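When you get a sec, could you build the whole thing from the sequences and use the hints?
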Amino acid sequence: MRIVACIKQVPETTEVRVDPKTNALIREGVKSVINPFDENAVEAALQLREAHGGEVIAISMGPPQAEEALRHALAMGADQAILLTDPAFRGGDTLATSYTLAAAVRKLGEVDLIVCGKQAIDGDTGQVGPGLAERLGLPQVTFAIGLEISDHRLRARRVLDDFFEIVEVRLPAVVTVVKQINEPRYPSMRNVLKAKRAEVAKWSVAELEADTSQTGFDGSPTTVIKVWPPERRSGGRRLEGPVEEVVDTLAEAIKELNLAAG
Amino acid sequence: MDFTFSQDQQAVLDAVKEFADGELAPKARETDEAGVWPAENVRKLAQLDLMGIPVPEEYGGLGMDFLTWAAVGEELSRACTTTGAVYGAHVLCVYPIMTFGTDDQKTRLLTPLARGEKVGAFGLTEPGAGSDAGAVSTRAERDGDHYLLNGTKIFISNGGEAEVYVIIANLDPSRGARGMTAFIVEKGTPGFTFGKDEKKMAYPSLPNRELIFTDCRVPKENLLGREKGGFLVAMRTLGVGRIGMAIGAVGLARAALEAAVPYAKQREQFGKPISSFEAIQFMLSDMATEIDAARLLTWRAAWLKDQGRPFEKEAAMAKLFAAETAMRVTTKAVQIFGGYGYTKEFPVERYMREAKLFEIVEGTSEIQRLVIANHVLRELGG
Amino acid sequence: MAVRLLVEKCTGCRLCLRACPYNAIEVIEDRARFNDNCTQCGACASSCKFGAILLEVTFTREVDTSQYRGVWVVAEHLHGELRRGTYELLGEGRRLADKRGAELSAVLLGDQIEGLAPRLIAHGADRVYLAQDPVLAHYRTGPYADVLAGMINQHRPEIVLVSATPQGRDLAPRVAARVSAGLTADCTGLDIGEEGLLVQTRPAFGGNLMATIVCRQARPQMATVRPGVMKALAADPARAGEVVSVPVHLDERGVLAKIVEIVQQEGDGQVNLQDAQIIVSGGRGLGKAESFALIRELAQALGGAVGASRAAVDAGWIPAYHQVGQTGRTVQPKLYIACGISGAVQHLAGMGSSDVIIAINKDPSAPIFNIATYGVVGDLFEIVPALTKKLKEML
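Protein chains in written order, with the numbering used here: chain A, 1 to 262; chain W, 1001 to 1382; chain C, 2001 to 2395.
Please keep in mind that the hints were generated in silico from the structure rather than gathered at the bench.
None of the hints are false.
Cut-off 30 Å, straight-line C-alpha distance, at most; resulting in silico cross-link-like pairs (DSS-like, lysine-lysine): (1) C:2362 to W:1027; (2) C:2288 to W:1027; (3) C:2288 to C:2362.
Values in this document were obtained by computation on a predicted structure and should not be read as measured data.
Take a look at the structure:
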């Protein structure tokens, strides 16, 4: 089986700070890590490889330092890692990102499964997986909490609002996974050392034969015009005194909300 | 003099730290209080290739040096002392087989030990042979294709759970220590049974068992090294053990310091955090300095060993100093926590109980002082 | 975006004919041909096994934006009922359409759901595009995306809003990629800006950063919208509107995903937690499983759902379905009553955007009091039953 895991390097914490003067994100002192959902994706790919044989190829679109995230995937046990990096890929929204990733997957040739994390913890869109599936003309299975493959068919358990959906598609397909699907493994020392020495291939516009009008900022229909830190919620009234008084106040407050039952 | 680790070493240490902090530390209390063998943790150590760091790759190990093995042990010990103790005791079986074993023994036994498929233990101590290691009285007698072992070992770490044991017996008691002989005895060998597991001041989940040999038939293929060459095996193994104990003590001391500092910063008395009081600052300063000194002593001893240079004195110094440092640091940590430090709610009382072990096991502090004195008297003039 | 037929590769196998929802393909003399019904929806492209149909997804800045008019809301239904988010989107969509001087249309896909159309009109829609087919009975990405993409290409709405439910977040990016539209995820604020553009506001970095986004050249401007934030209009049964039936014909054989089974999550099924307007939650302070009875009674008196903190779920007092928080679900009720919950960051991540929060906890330093609208330091075992009793008298 040839499985591609799409990963992204993100800041370690979502506790971000914005420089009040420039309105830009303050990145100093913030470590970069592999997107946690993508770690689950790599783990899912590795488990499928263990069950069915084959190889796991980790790919990522990002700046040169995103190589670290790919090395983490290698240390977990991925067989190959490819970094899609080029100034022309910068500033891309999810449409441009899915274009670039799709070009890379096509270049890899025959692939049985593409696994992505549900969403990146910085962008929080969850749009790249389905966009990638659309561009490759493949079925998509989102919010997967369980995966099984037999006979070139994928059976997945999806977690939706208050029910699970068991769905089946023929491979190849694109899957996005939720955190509860597995516990990503800690890298073994052998793989850590192997990952250190491994070549991470770097593909640019040339290798992908990409149309730069579709990549990066140029290929993005959406534009961010402003970022700002949200207003923090603060505490309101403290109610004190005998139980009956407190309860009366609460009941009044609830009545005023004028909520229809159910 | 470059005190930094190589890139490979650092990569390994970073990965181990993540594992130790993420997986071992959060359940360290549970692991300790459960009172049972930490099977899950040991399994994870094996999965992460941590059970055979210094073993050559051809025998399933990583082929790295003892300094790396020690630095890894420090992180494991810091996160979970029980797991660190299992890791340390395991190498006392790995090392002698690696060093004195035949090719056959290495293939048969070293490889599964290095892969963590089997756990190892080292049996030297007897009821009558503690500091007086030469007084080993477990008897070995040649009997055709076998050796017959009779006797008991006590306080053996990993005892009962380990599948492979390096046992020091005596083939010729008339020659005292010169009759000592090393054997590899596998669990399940007829005549090899387990006695009681000691209830100790600390480490309830670390087995320290009695090993009982009753006409135990050990095949001649399991003689480790030469007949009557066991003293050397024991001494060399204890040398490694000293480094292991030292670094375990350093890890424990670090855990205590890392608990004490945040506590001191948030605990307020007299309107201020206690970390602003000089008395506390001086304590923390001494703790940090001694830990660093103990660590560097241990690294130096491991480095010497890796260079193939004599390291007996340096290992003894490291073990002596690290053990006593751990005792001082953990005691101070309890003191900093005050009343709360005496309760089971915080881990420092456990650290203090655990620290005492290091002053006794693998050669008491008194023995270490004798070893060091011997060297000093020899080396310095007059 | 274009669908191109490479006639030389076509073998006349008719798979594309089956896949086409709009009866736009004929096979004449063993070759496929597209007729005027074609909406460029792209359904045929993935069905062809011979590479004879190409779907080109190309983003271009040359779109004539003046050709696009109207605000669309993609309706979502579950168990035969419209979901709360749909009503909210109609309320917001109405406001945006009025500001833009345009019409508001709802898009309703399904099977035998025409009965829901009047409700969409009553809640603000001028028009309902109704596409029905047995294949659309249960949501699957393929058929829904094919039909919606075709309708977008045919009718050219300027704005398309989708509720950011799992279904919406599965469908919208697929369709957006299909029609090369700009899509913004999980919006918490929408407006029409100076240039007549849809101004989209949304949280990033787990809510620690807000971003404002526009889509200048691509059309339609698409957005998924966080449920529980926008305001629905009160139903006005007298509102006039038209229902437009969109004829679609789908073939189950062309659908790539088969739903094998639906498994309800174990939980107090009385009120759907995700869409609930009122949630009463219990945490570690309850002490034992049986104490959840107090929570259930209060929830029942209010007609709300039962939630729980991770501590309560981990302790086995209540099924995981009820867990609210970072590793559980994120809820947006109008009223959230937290009983015996300390308010760890992970729990707050799941309920912090509730309109009104009432916290009852005996620990005055519990972090939840930092965000509670009304904070009660007291014994929940006294207060909760007393509140339940009082509410039953009042309501």
